[in-house]
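The primary structure of each chain is shown beneath.
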Amino acid sequence: MEIPADGFIVVCKRECDTCEMVAPVLRDIIGNGIPLTVCSQDDPAFPDGLPGVVDDTALAHSFRLAIEAVPTLIRMQNGVETARAVGWDRVEWQALTGIEGLGQDLPPTRPGCGSRSVEPGLAEELAVRYGGVHLAARRIETPLHEDDIETCFANGWTDGLPVVPPTEVRVVRMLTGTRRSPDEVVSIIPPNQAACTVEKVAINAVMAGCKPEYLPIVIAAVEAACLDAFCLHGLLATTYFSGPVIIVNGPMARAVGMNSGVNAFGQGNRANATIGRALQLVVRNVGGGRPGEIDRATLGTPGKYTFCFAEDETGSPWESLAAERGFAQGASTVTLFAGSGVQPIFDQHSRDPESLARTYAACLRTVAHPKIPLAADAFLVVSPEHGRVFRQAGWTKARLRQRLDELLQIPGADLVRGAHGMAEGVPESLAHTTLPKFRPGGLDIVHAGGTAGMFSAIISGWVASGAKGSQSVTKEIGQ
Amino acid sequence: MNTGMVLLDPTAELAPVRRQRLPRPEGLAGRCVGLLDISKARGDVFLDEIEARLTAEGVTVRRYQKPTFARVAPVALVQQISAECQVVIEALAD
Chain X
0 MEIPADGFIV VCKRECDTCE MVAPVLRDII GNGIPLTVCS QDDPAFPDGL PGVVDDTALA
60 HSFRLAIEAV PTLIRMQNGV ETARAVGWDR VEWQALTGIE GLGQDLPPTR PGCGSRSVEP
120 GLAEELAVRY GGVHLAARRI ETPLHEDDIE TCFANGWTDG LPVVPPTEVR VVRMLTGTRR
180 SPDEVVSIIP PNQAACTVEK VAINAVMAGC KPEYLPIVIA AVEAACLDAF CLHGLLATTY
240 FSGPVIIVNG PMARAVGMNS GVNAFGQGNR ANATIGRALQ LVVRNVGGGR PGEIDRATLG
300 TPGKYTFCFA EDETGSPWES LAAERGFAQG ASTVTLFAGS GVQPIFDQHS RDPESLARTY
360 AACLRTVAHP KIPLAADAFL VVSPEHGRVF RQAGWTKARL RQRLDELLQI PGADLVRGAH
420 GMAEGVPESL AHTTLPKFRP GGLDIVHAGG TAGMFSAIIS GWVASGAKGS QSVTKEIGQ
Chain C
0 MNTGMVLLDP TAELAPVRRQ RLPRPEGLAG RCVGLLDISK ARGDVFLDEI EARLTAEGVT
60 VRRYQKPTFA RVAPVALVQQ ISAECQVVIE ALAD
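Protein chains in written order, with numbering that gives the first Met the number 0: chain X, 0 to 478; chain C, 0 to 93.
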């Protein structure tokens, strides 16, 4: 049935007490000769005894009329809505219908009940069913009797673990997490140089297991990964271990429940696990970066399934990574780093910052190879118990970094090929120089981890760093 | 299980929807060819002929048999064939 172009529409449901209450009013409106179409969301026999009630149990009219609460009274003129009253408000209903004394026996006002069409989980189904959204992606029907999760494997869409099948309803639900339009291009993704839309990010976020509220973080991660400085194409193609590591800063990390504490790099937190995985699935599916094809890693790293964590800012002795990089307090950011894996630092005895800095330097020296300077960058992740040592001694992050820079000046004689019985090393011509382990800006420091354990960690980087490879990049998370 | 669920393509849609076949081998030299008898009548006659021809060309051949044509091959047999062979010829019909 078509909604009439002129007259009144009321949308109601039996299980709403306010709708029950206004049933006599509806009869009065009709009795006054005013054309009124009554749509019932749950029972076409409601209101009792009223002829011609429109069965809207499928909620098509409710969806198209954008009903949020019942009863809603709408005035239509020439096919256009000209007025609407939500819930019962006697003065409003009288003004709308022009009937003096309408509902005189009823209380002056009474709020309505939630429309069935906006019940959690249902709105997205209705959007798909009644054309409220347009998604451009190609539709792929799973073969009859094939498990849909197996279809995803068979199409080559997964990282080796099962994915959540990306149905239209799930993707629409995911897209509620962003204000951006589904057809907006987020980035051009290597190696295929394919245009990646918000919709494609959402599809892959569904598959990764994300909640809609994570989507802005995933979008920002995709944007960051595609910045030229990050060198995603080379990172994908390298035989080295590395893959994108995501570090999230700011209130959004806390808002979505990211883990920056106990087991921050490990399993068990949905946001950490699925945001990192979503980026990898975008790279795989939209970019075409598949292992064994463009991804030529000799060994790879388990972090290529997912490697994403938040910085513990509230417990940190220092300013955050985002603040260091000039982002305003209150901004939420993603930082992408071409990381190769986690190297533990064990130091249970240092109680003064100089000793701990020396421990860090000794461990950092071994990144990639103890005799290879100026190659891989690194993130030093300081845990709370180590952070306490620096806080109590009043060491700033800048002071620690400066001390590490000093401690990581290495005599060329120790680095040249053949030194210490190892063929690997720098050319003999550098024997009389002193070389820093890291390029300027190549060592970053963040704070994360559980409150027990005098350990910190190095996330070592890709041996192609800086302008000749990948630099870590930070992007603000939008909506 | 479902009956034809509709999924949204997560890829850049550069490849056709239909699943791509594995690349065909350029030749049989150096490869082991599995001959799979699915236990249909006279499948062995066909495979005997194929084996004779391939062997004459110096190709390594291994023979396998499914217990019954009515069911999919047992997992152990599939694993054995995929471990031992690079190419499989299956005798499907009577």
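Rather than coming from a laboratory, the hints here were simulated on the basis of the structure.
Glycine residues also receive a C-beta, built at the ideal position from the N, C-alpha and C atoms.
Errors might be hidden in some of the hints.
As the list claims (entries may be wrong) - Between beta-carbon pairs, the in silico distance windows are: (1) R178/X x R17/C: 35 to 41 Å; (2) R30/C x P301/X: 29 to 35 Å; (3) V74/C x Y129/X: 34 to 40 Å; (4) P142/X x V74/C: 52 to 58 Å; (5) R62/C x H368/X: 48 to 54 Å; (6) G256/X x P66/C: 50 to 56 Å; (7) L160/X x R17/C: 45 to 51 Å; (8) E56/C x P142/X: 57 to 63 Å; (9) R18/C x R253/X: 22 to 28 Å; (10) E56/C x E183/X: 55 to 61 Å; (11) A75/C x A65/X: 57 to 63 Å; (12) G113/X x R18/C: 21 to 27 Å; (13) E67/X x V74/C: 51 to 57 Å; (14) P435/X x R30/C: 28 to 34 Å.
Tell me, which hint numbers fail for this structure? Of the numbered hints given earlier, those the structure breaks are 3, 4, 7, 8, 9, 12, 14, listed in rising order.
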